[in-house]
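A.B. asks: Line by line, the protein sequences are chains A and B.
For the first sequence, the working numbering gives the first residue as 1, with consecutive numbering after it.
For the second sequence, the working numbering gives the first residue as 444, with consecutive numbering after it.
Bear in mind the hints are in silico, worked out from the structure with no lab data behind them.
Incorrect hints may appear among the rest.
[What the hints assert, rightly or not] Here are the computed lysine-lysine pairs in the DSS-like style, where the Cα-Cα straight-line distance is at most 27 Å: (1) 439/A / 368/A; (2) 278/A / 196/A; (3) 278/A / 545/B; (4) 61/A / 545/B; (5) 216/A / 278/A; (6) 368/A / 297/A; (7) 152/A / 278/A; (8) 368/A / 61/A; (9) 297/A / 936/B; (10) 297/A / 220/A; (11) 748/B / 37/A; (12) 61/A / 297/A.
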Amino acid sequence: MRLLPHTDADRAAMLAAIGVREIDDLFADVPEAARLKELPDLPRHASEIELERAMQRMADKNVAASSVPFFVGCGAYNHHVPATVDHLIQRSEFMTAYTPYQPEVAQGTLQYLFEFQTQVAMLTGMDVANASMYDGSTAASEAVLMAQRVTKRPKAVISTGLHPHYRAVIETFGHFSEHESVAVEDDEIAEALDDKTACVIVQTPDVFGRVHDLRKLADKVHEAGALLIVAVTEVLSLGALTPPGEMGADIVVAEGQSIGNGLNFGGPYLGLFATRQKYVRQMPGRLAGETTDEDGKRGFVLTLATREQHIRRDRATSNICTNSGLCALAFTIHLTLMGESGLRDLALANHRTAVALADDLAQVSGVKVLTDQFFNEFTIQVPGDGAQVIDKLADKGVLGGVPAARLWPDRPDLADRIIVAATETTTPEDRAAYVAALKEVLA
Amino acid sequence: MTKAANDIRPATFTGNRALQIEEPLIFETGAPDRSGVDITVPEGENRLGGLERRSEIGLPGLSEPETVRHYVRLSRNNYAIDTGIFPLGSCTMKHNPRANEKSARLPGFADIHPLQPQNTVPGAIELMETLSHWLLTLTGMEAVALSPKAGAHGELCGMMGIKAAHEASGENAQRRIVIVPDSAHGTNPATAALLGYEVRPVEVREDGTVSPDAVRAIVGPDTAAMMLTNPNTCGLFEPDIIEIAEILHEAGAYLYCDGANFNAIAAKVRPGDLGIDAMHLNLHKTFSTPHGGGGPGSGPVIFSKAIAPFAPLPRVVAGQDGAALAEFADDVPGEQPFGRLTAFHGQMGMFVRAMAYMMAQGADGMRQASEDAVLNANYIRARLRDVFSQPYGDRICMHEVLFDDHFLKDTGVTTLDLAKALIDEGFHPMTVYFPLVAHGAMLVEPTESESKHSLDQFIDAMRALAKAALAGETERFTEAPRFAPRRRLDEVKAARHPVLRWEPPQQAKAAE
Numbered sequence: 001m002r003l004l005p006h007t008d009a010d011r012a013a014m015l016a017a018i019g020v021r022e023i024d025d026l027f028a029d030v031p032e033a034a035r036l037k038e039l040p041d042l043p044r045h046a047s048e049i050e051l052e053r054a055m056q057r058m059a060d061k062n063v064a065a066s067s068v069p070f071f072v073g074c075g076a077y078n079h080h081v082p083a084t085v086d087h088l089i090q091r092s093e094f095m096t097a098y099t100p101y102q103p104e105v106a107q108g109t110l111q112y113l114f115e116f117q118t119q120v121a122m123l124t125g126m127d128v129a130n131a132s133m134y135d136g137s138t139a140a141s142e143a144v145l146m147a148q149r150v151t152k153r154p155k156a157v158i159s160t161g162l163h164p165h166y167r168a169v170i171e172t173f174g175h176f177s178e179h180e181s182v183a184v185e186d187d188e189i190a191e192a193l194d195d196k197t198a199c200v201i202v203q204t205p206d207v208f209g210r211v212h213d214l215r216k217l218a219d220k221v222h223e224a225g226a227l228l229i230v231a232v233t234e235v236l237s238l239g240a241l242t243p244p245g246e247m248g249a250d251i252v253v254a255e256g257q258s259i260g261n262g263l264n265f266g267g268p269y270l271g272l273f274a275t276r277q278k279y280v281r282q283m284p285g286r287l288a289g290e291t292t293d294e295d296g297k298r299g300f301v302l303t304l305a306t307r308e309q310h311i312r313r314d315r316a317t318s319n320i321c322t323n324s325g326l327c328a329l330a331f332t333i334h335l336t337l338m339g340e341s342g343l344r345d346l347a348l349a350n351h352r353t354a355v356a357l358a359d360d361l362a363q364v365s366g367v368k369v370l371t372d373q374f375f376n377e378f379t380i381q382v383p384g385d386g387a388q389v390i391d392k393l394a395d396k397g398v399l400g401g402v403p404a405a406r407l408w409p410d411r412p413d414l415a416d417r418i419i420v421a422a423t424e425t426t427t428p429e430d431r432a433a434y435v436a437a438l439k440e441v442l443a
Numbered sequence: 444m445t446k447a448a449n450d451i452r453p454a455t456f457t458g459n460r461a462l463q464i465e466e467p468l469i470f471e472t473g474a475p476d477r478s479g480v481d482i483t484v485p486e487g488e489n490r491l492g493g494l495e496r497r498s499e500i501g502l503p504g505l506s507e508p509e510t511v512r513h514y515v516r517l518s519r520n521n522y523a524i525d526t527g528i529f530p531l532g533s534c535t536m537k538h539n540p541r542a543n544e545k546s547a548r549l550p551g552f553a554d555i556h557p558l559q560p561q562n563t564v565p566g567a568i569e570l571m572e573t574l575s576h577w578l579l580t581l582t583g584m585e586a587v588a589l590s591p592k593a594g595a596h597g598e599l600c601g602m603m604g605i606k607a608a609h610e611a612s613g614e615n616a617q618r619r620i621v622i623v624p625d626s627a628h629g630t631n632p633a634t635a636a637l638l639g640y641e642v643r644p645v646e647v648r649e650d651g652t653v654s655p656d657a658v659r660a661i662v663g664p665d666t667a668a669m670m671l672t673n674p675n676t677c678g679l680f681e682p683d684i685i686e687i688a689e690i691l692h693e694a695g696a697y698l699y700c701d702g703a704n705f706n707a708i709a710a711k712v713r714p715g716d717l718g719i720d721a722m723h724l725n726l727h728k729t730f731s732t733p734h735g736g737g738g739p740g741s742g743p744v745i746f747s748k749a750i751a752p753f754a755p756l757p758r759v760v761a762g763q764d765g766a767a768l769a770e771f772a773d774d775v776p777g778e779q780p781f782g783r784l785t786a787f788h789g790q791m792g793m794f795v796r797a798m799a800y801m802m803a804q805g806a807d808g809m810r811q812a813s814e815d816a817v818l819n820a821n822y823i824r825a826r827l828r829d830v831f832s833q834p835y836g837d838r839i840c841m842h843e844v845l846f847d848d849h850f851l852k853d854t855g856v857t858t859l860d861l862a863k864a865l866i867d868e869g870f871h872p873m874t875v876y877f878p879l880v881a882h883g884a885m886l887v888e889p890t891e892s893e894s895k896h897s898l899d900q901f902i903d904a905m906r907a908l909a910k911a912a913l914a915g916e917t918e919r920f921t922e923a924p925r926f927a928p929r930r931r932l933d934e935v936k937a938a939r940h941p942v943l944r945w946e947p948p949q950q951a952k953a954a955e
């Protein structure tokens with residue numbers, strides 16, 4: 001009960017001040033039939049020591065990425081987070097703050113969100129960005145909804161290179177909001193465009209790791225009166241690759257986990273969302289904006305709230321209320337630490353490590369590297385079942401990637417594919433361990 | 444600068460005020476070639492397909508010490524629960540135990556990948572299963588979807604489950620209406636509208652709660668569901684919720700409950716016993732995960748027996764060899780999961796924190812916490828009722844107490860002014876102008892982690908301010924805040940001429 005400050009004497013004095021005899025007098029509005037007479041069938045409170053032991057016991061059952069040669073990617077990446085980042089986000093005044101509804105005492109949060117928005121706009125090559133969303137996949141589905149609002153058209157054309165989980169999220173939203181979506185191979189996108197198409201959504205580097213030049217596609221999409229949404233699941237790639245904004249994207253969504261945020265088994269992550277100036281008022285989510293105070297000093301507030309649910313209610317641009325404030329802080333701190341030169345170096349380090357790994361794996365008998373041009377992730381073909389290969393590698397202490405069957409259980413044609421990622425944390429010893437283990441598994 | 448402010452806060456040469464330092468943007472001090480990291484780039488060739496980035500990005504960098512100082516200085520311009528009471532009604536800001544943080548940072552939780560083989564993460568799956576068990580036991584419900592990433596995301600999930608149930612029974616086409624009380628969070632009507640529903644409001648009756656007769660009057664074969672918050676946003680328990688649920692069920696509709704205020708009743712009342720079909724639980728509200736200045740949140744959803752078969756994937760299911768993560772429909776034979784809400788499994792980092800809190804509290808502590816939260820709100824009500832006005836009369840409330848601005852009539856002081864004056868007194872303001880049903884609303888939620896001492900300090904400040912307003916000390920309010928890092932900020936200007944990013948000075952000039 002260490003988390004509760006009252007003594008019994010406090011409680012008695014407070015009940016007296018209220019003018020009731022016992023605590024249940026304060027629950028008088030609860031129907032008698034619904035009042036729990038006994039405690040729920042759950043353990044009693046634990047000491048901090050007991051809690052730590054229980055947590056440690058569960059955590060110890062898991063294989064941490066840092067403890068083994070690790071090559072798993074597909075939308076979440078094992079990058080190093082500088083100690084400074086975690087130290088700063090644990091500052092009480094950041095971590096235990098609420099949404100900055102009272103801007104005069106929330107300038108810390110509001111200023112970093114303004115810095116974050118600027119960094120994201122620069123990185124994606126877009127005009128403006130919002131103050132973050134839940135994650136890349138939900139940002140992608142919000143982008144589709146936004147394109148449908150902008151164009152007043154119902155259909156989304158989805159590239160099969162989009163991460164299948166992202167596609168599933170878009171399709172779930174589309175189904176229930178009674179919009180249409182179709183998934184097509186990249187070379188069929190142009191044919192799928194019609195006067196009902198609100199948007200085309202593509203990913204680069206795509207889920208197989210391939211990088212794409214989107215300029216010609218952008219022209220075709222725009223000729224059809226639709227918007228081009230570009231999804232980026234490995235945001236670090238933007239340190240090395242031409243940004244979507246320079247290739248004609250109208251909306252860029254990304255998973256920001258790679259910069260400043262850990263793997264966390266899938267969350268919390270950080271959705272990035274950027275667009276053109278002309279669509280600002282259709283953009284979902286929170287926005288920090290610059291203004292002045294009564295003394296004329298620069299300050300920041302949450303702004304353009306007239307798009308939001310708490311004012312527009314059933315006519316709002318989205319129902320989103322939360323952002324990923326603390327994850328955005330981690331992102332902006334890490335990016336500030338790196339600066340442009342550090343970001344480019346980190347991106348190049350990732351890329352060159354992945355190139356070296358691809359060349360290593362290509363030497364293993366029976367293995368084919370299927371991706372010629374990539375950032376830090378590529379697809380290999382193995383003789384036999386990819387999922388079994390991954391499980392056998394795991395038994396040898398190597399987490400060798402994502403078998404395509406994990407993402408597409410209904411695609412037997414992909415059953416022999418494995419998607420492999422390398423990052424700056426991948427050492428030459430890790431690569432050698434992968435090659436050795438793979439040779440044994442395939443022997 | 445106005446005279447009053449000038450008197451109190453004379454200017455310094457630097458603009459700084461002792462410990463309060465004016466901190467520029469990173470773009471004004473950083474440089475693209477400055478860095479706080481050391482990266483070794485291996486030799487080798489590039490295979491970027493001719494898509495190398497050629498343009499300058501413009502991102503400024505700072506060294507490690509500069510970065511630390513910048514963000515520490517920014518942090519000092521924030522109010523936080525660790526620095527004082529945060530009486531935001533409907534938002535629930537309670538103590539964030541550091542044991543939660545320590546647990547979430549164990550490499551076995553923080554450093555695992557959502558797509559690594561399931562047999563390399565049994566501890567993570569065990570934690571998700573344990574959390575599910577606790578949530579289902581506390582709520583008396585049938586199934587739980589952990590994956591929603593925030594309360595509003597949970598609302599979508601819950602309402603999708605309801606819509607999926609109507610689709611399965613072939614009634615979706617006719618059930619187009621969702622009933623939402625006018626006291627509801629804006630997320631409720633926004634959620635219903637996003638799913639293609641027509642929102643039909645129902646007015647709350649004079650005592651601030653929803654009357655069964657009002658529901659009976661509008662419910663019909665076209666009703667898909669009602670979205671109700673309980674305890675509601677006026678701080679009151681809906682006494683007729685069981686009857687309302689029965690009315691809806693008889694009409695073939697479902698009851699969605701916004702679980703934002705579950706912290707008032709956890710271990711006291713089970714939503715399953717109230718007839719609720721779907722409800723989200725904000726882990727940061729009831730289970731103490733930090734709010735982080737806007738998020739991340741986490742909004743698991745619980746379902747009744749009627750909706751359970753449609754619960755989305757991924758989720759943890761019991762198997763022969765222990766729990767497993769079901770990711771595709773084939774993994775849950777006989778069920779009809781409605782789809783996927785997010786790329787991965789949900790906010791694992793928040794699951795660990797919430798689990799740590801629940802284990803620390805236990806069933807006994809959860810119950811005591813609900814009781815203390817309600818006790819604290821009623822204590823504030825009792826000690827302020829002679830000065831502050833209440834829209835629905837002086838009646839017992841749950842974990843938050845609603846005041847309105849009736850007592851400020853003719854003083855020239857508004858609810859907003861009072862809030863800003865509270866900042867000068869060292870307190871974060873309560874929630875203002877919400878719920879919309881009360882004029883000039885002030886919704887105060889102390890939470891159970893506030894001591895009697897801190898409540899008394901807050902109460903004393905509120906009483907002093909109310910008396911000053913009634914005594915005609917208007918300037919104290921209209922000039923407020925006078926001592927915060929910023930004085931009142933021009934929100935109208937920010938919205939009329941949105942500046943949403945920093946621009947290099949010459950470009951900013953050209954744009955004017």
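A.B. asks: Decide, hint by hint, whether the structure agrees.
C.D. replies: Right, here's what the structure says about each hint:
Restraint check: the Cα-Cα separation between residue 439/A and residue 368/A comes to about 13 Å, which is no more than 27 Å; the hinted pair holds. A hinted pair counts as satisfied when its Cα atoms are at most 27 Å apart, and residue 278/A with residue 196/A qualifies at roughly 21 Å. Under the criterion of a C-alpha separation no larger than 27 Å, the hint pairing residue 278/A with residue 545/B is inconsistent with the structure, at around 44 Å. Of the supplied pair hints, the one linking residue 61/A and residue 545/B holds, its CA atoms being roughly 17 Å apart against a limit of 27 Å.
With a C-alpha separation of about 22 Å, the suggested pair residue 216/A and residue 278/A falls inside the 27 Å cut-off, and the hint holds. Distance hint between residue 368/A and residue 297/A is unfulfilled; the C-alpha atoms sit about 61 Å from each other, more than 27 Å. A threshold of 27 Å between alpha carbons decides the hint, and for residue 152/A with residue 278/A the separation of about 16 Å falls inside it, so the pair holds. Proximity of residue 368/A to residue 61/A is assessed by CA-CA distance (about 34 Å); at most 27 Å being required, the pair is judged violated.
Restraint check for residue 297/A and residue 936/B: satisfied, since their Cα atoms lie roughly 13 Å apart, inside the 27 Å limit. With a CA separation close to 47 Å, the supplied pair residue 297/A and residue 220/A exceeds the 27 Å bound. Distance restraint check for residue 748/B and residue 37/A: the Cα-Cα separation of roughly 23 Å lies within the 27 Å cut-off, and the hinted pair is therefore satisfied. With a C-alpha separation of about 53 Å, the suggested pairing of residue 61/A with residue 297/A is violated against the 27 Å cut-off.
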